[in-house]
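Q: Residue numbers -17 to -1, 1 to 238, in mature numbering (1 follows the signal peptide of the UniProt record, and there is no 0), belong to the letters of the sequence shown in order.
Hints may be right or wrong, so weigh each one.
Quick list of the computed label-pair ranges, beta carbon to beta carbon [to be verified]:
no.	residue 1	residue 2	range
1	Glu24	Val2	17 to 25 Å
2	Thr220	Val2	37 to 45 Å
3	Gln30	Glu203	25 to 33 Å
4	Asn190	Thr100	42 to 50 Å
5	Asp169	Asn190	36 to 44 Å
6	Glu24	Asn95	16 to 24 Å
7	Asn27	Thr69	34 to 42 Å
What the hints contain is simulated information worked out from the structure, not anything from laboratory work.
C-beta: ideal position from N, C-alpha, C; glycine also.
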Amino acid sequence: MKLLAIVLMLLTLGAVGKVVENFKDCTDFFWMSQPPFFYSESANKLQILPSDKHKTICQAFNNKYYFATLYDTVRKIPVYSAYKYTGSSECNMKRPSWRSDPELKDEQASNNDYENTKYERGHLYPVCHAPNSEAVKSTFTLTNAAPQKCDFNKMWYHRVENKVRETLKKCPQNTAYIVTGVVPSDTEKMGVVTVPSHFWTAYYGGNNCAFGGYIMGKDEDDETKYEDLNEFEDELTKLYKRKVQVFSKKQARTS
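Based on the sequences and whatever the hints tell you, model everything.
A: The following block contains the structure:
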């Protein structure tokens, strides 16, 4: 029995993320290896971690990293997930079960939090942007999900995720870096889990694909599209009430 328990534990550990310092083991999922920056009041500067309550996670499945997540352990939702888009698999494959991260223990949302509520687990790194079945499975971690109402979940897919996928198909090499995040609501909660007021996504592929971004509020019927990075970051700065830089390298602004 002890041997079986050890084997099961190792299998579980191989299917979850790893909390690391400043994404040091998975910078490949960021444009120019540079994560987004947020203004920290305590440090009085832009930095990767908005506070010491945030965790940087290299998200893995079967001991391979597939994307990166900045996670808010107080609100129990991700701030964003970042990944390199290299084409997508079929969207209608069988969905695996959602899993939690053993390292975070009770600092994350649980499946029980979503039971008997009006909310669904909304992917940040979505199934339809994953290149293969293993990558799809990697996205089903609760640290990659935030509460969405059913109607919003469907609209976000059709109006944003699918549009981004179709746009990137036209880019040379079908490759881009994507960051998808949420803005926490000041008041709305699902038990102990904060409900986002907005979802947003941004993509950039250098010379292969120009910048594009979308922001959509949870009670809105239409998304707002951005083609200028500075305008996009200015709007996020207003929503977060702190300075935000999604793609901070000069190349992302001048290419």
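Q: All hints, please: hold or fail.
A: Hints versus structure:
no.: 1; hint: Glu24 to Val2: 17 to 25 Å; verdict: holds (23 Å)
no.: 2; hint: Thr220 to Val2: 37 to 45 Å; verdict: violated (27 Å)
no.: 3; hint: Gln30 to Glu203: 25 to 33 Å; verdict: holds (31 Å)
no.: 4; hint: Asn190 to Thr100: 42 to 50 Å; verdict: holds (45 Å)
no.: 5; hint: Asp169 to Asn190: 36 to 44 Å; verdict: holds (40 Å)
no.: 6; hint: Glu24 to Asn95: 16 to 24 Å; verdict: violated (33 Å)
no.: 7; hint: Asn27 to Thr69: 34 to 42 Å; verdict: holds (38 Å)
Hints 2 and 6, counting from the list given before, are not met by this structure.
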